[in-house]
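Asks: Please take these sequences and the hints and turn them into a complete structure.
Spelled out, the chains give:
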Amino acid sequence: NAGVMQNPRHLVRRRGQEARLRCSPMKGHSHVYWYRQLPEEGLKFMVYLQKENIIDESGMPKERFSAEFPKEGPSILRIQQVVRGDSAAYFCASSPWASKNEQFFGPGTRLTVL
Amino acid sequence: GENVEQHPSTLSVQEGDSAVIKCTYSDSASNYFPWYKQELGKRPQLIIDIRSNVGEKKDQRIAVTLNKTAKHFSLHITETQPEDSAVYFCAASIEYGNKLVFGAGTILRVKS
Chain A
1 NAGVMQNPRH
11 LVRRRGQEAR
21 LRCSPMKGHS
31 HVYWYRQLPE
41 EGLKFMVYLQ
51 KENIIDESGM
61 PKERFSAEFP
71 KEGPSILRIQ
81 QVVRGDSAAY
91 FCASSPWASK
101 NEQFFGPGTR
111 LTVL
Chain B
1 GENVEQHPST
11 LSVQEGDSAV
21 IKCTYSDSAS
31 NYFPWYKQEL
41 GKRPQLIIDI
51 RSNVGEKKDQ
61 RIAVTLNKTA
71 KHFSLHITET
81 QPEDSAVYFC
91 AASIEYGNKL
101 VFGAGTILRV
111 KS
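Going line by line, the protein sequences match chains A and B.
According to our numbering, the residues represented by the first sequence are 1 to 114, in order.
According to our numbering, the residues represented by the second sequence are 1 to 112, in order.
Keep in mind that the hints were calculated from the coordinates and are not lab data.
Among the hints, erroneous ones may be present.
[Claimed, not checked] With a Cα cut of at most 27 Å, we get these calculated DSSO-like pairs of lysine-lysine:
{"no.": "1", "chain 1": "A", "residue 1": "44", "chain 2": "B", "residue 2": "42"}
{"no.": "2", "chain 1": "A", "residue 1": "44", "chain 2": "B", "residue 2": "22"}
{"no.": "3", "chain 1": "B", "residue 1": "42", "chain 2": "A", "residue 2": "27"}
{"no.": "4", "chain 1": "A", "residue 1": "44", "chain 2": "B", "residue 2": "71"}
{"no.": "5", "chain 1": "A", "residue 1": "44", "chain 2": "B", "residue 2": "68"}
{"no.": "6", "chain 1": "A", "residue 1": "27", "chain 2": "A", "residue 2": "71"}
{"no.": "7", "chain 1": "B", "residue 1": "22", "chain 2": "B", "residue 2": "57"}
{"no.": "8", "chain 1": "A", "residue 1": "62", "chain 2": "A", "residue 2": "51"}
Replies: Structure follows, in structure tokens:
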């Protein structure tokens, strides 16, 4: 059973470009969470999605950030017009069912904005 | 909203000694408390968790205790080994598919 997959593992963008981060949950998992980790800091919640639904986006910045989890395919975290402050590790986690809260993390995407 | 505080921020122990990391939370509705271990450049890995209907849980050298009245929970690692060196994060959440709120992390160094 493959774990949570994320790609790319490393992403370099120049200021003003767009970044697209992809997350494929573990097989059988229908809940996806995105977290951001700034250098030498803890993980901060961004958004929680189920298939075709955003359940909780209370941690998402109001502008430039969006997320989706379509019926088919991976979850996408999209950052438009990136700025240097967006440089961070972005982790997604998945869990199997709302009544089981264990979240298993992917390897992360390390975004560097030049 | 929930706030989780974690102490200490760094902890150095001698190999074979025990290590204890403590967390407090603010939202009395939280009832799920996982602990994650993160090695440098790697993903956070779930090492143990506890739910509010349990006061203590043990898995080999790792144990977690929970005091709901005082709103704090602790991670205990016995017989520490160099491979236990990592950053440890506590977290809290309301069960049923909710977000995790993480502490700031503890850097554990086990000296051989």
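Asks: Tell me if the straight-line CA distance from residue 44(A) to residue 71(B) falls inside 27 Å.
Replies: Roughly 21 Å separates the two Cα atoms, so the pair holds.
Asks: Verify the proposed pairing of residue 42(B) with residue 27(A), using a straight-line Cα cut of 27 Å.
Replies: Holds - the C-alpha atoms of residue 27(A) and residue 42(B) are around 21 Å apart, at most 27 Å.
Asks: For the pair supplied as a hint, residue 27(A) and residue 71(A), confirm whether the alpha-carbon distance does not exceed 27 Å.
Replies: Holds, at roughly 14 Å.
Asks: Against the 27 Å threshold, does the CA-CA distance of residue 44(A) and residue 68(B) hold or violate the hint?
Replies: Since the Cα atoms of residue 44(A) and residue 68(B) sit roughly 24 Å apart, the hinted pair holds (cutoff 27 Å).
Asks: Residue 44(A) and residue 42(B): Cα distance at most 27 Å?
Replies: Given pair residue 44(A), residue 42(B) holds - Cα atoms ~16 Å apart, limit 27 Å.
Asks: Is the straight-line distance between the alpha-carbon of residue 44(A) and that of residue 22(B) 27 Å or less?
Replies: holds (19 Å)
Asks: Regarding the pair residue 22(B) and residue 57(B), is the alpha-carbon distance no greater than 27 Å?
Replies: Distance of about 15 Å is within 27 Å: holds.
Asks: Could you grab the alpha-carbon distance between residue 62(A) and residue 51(A) and see if it respects the 27 Å cut-off?
Replies: Between residue 62(A) and residue 51(A) the Cα gap is close to 22 Å, so the pair holds against 27 Å.
Violated hints are absent here; each numbered hint is respected by the structure.
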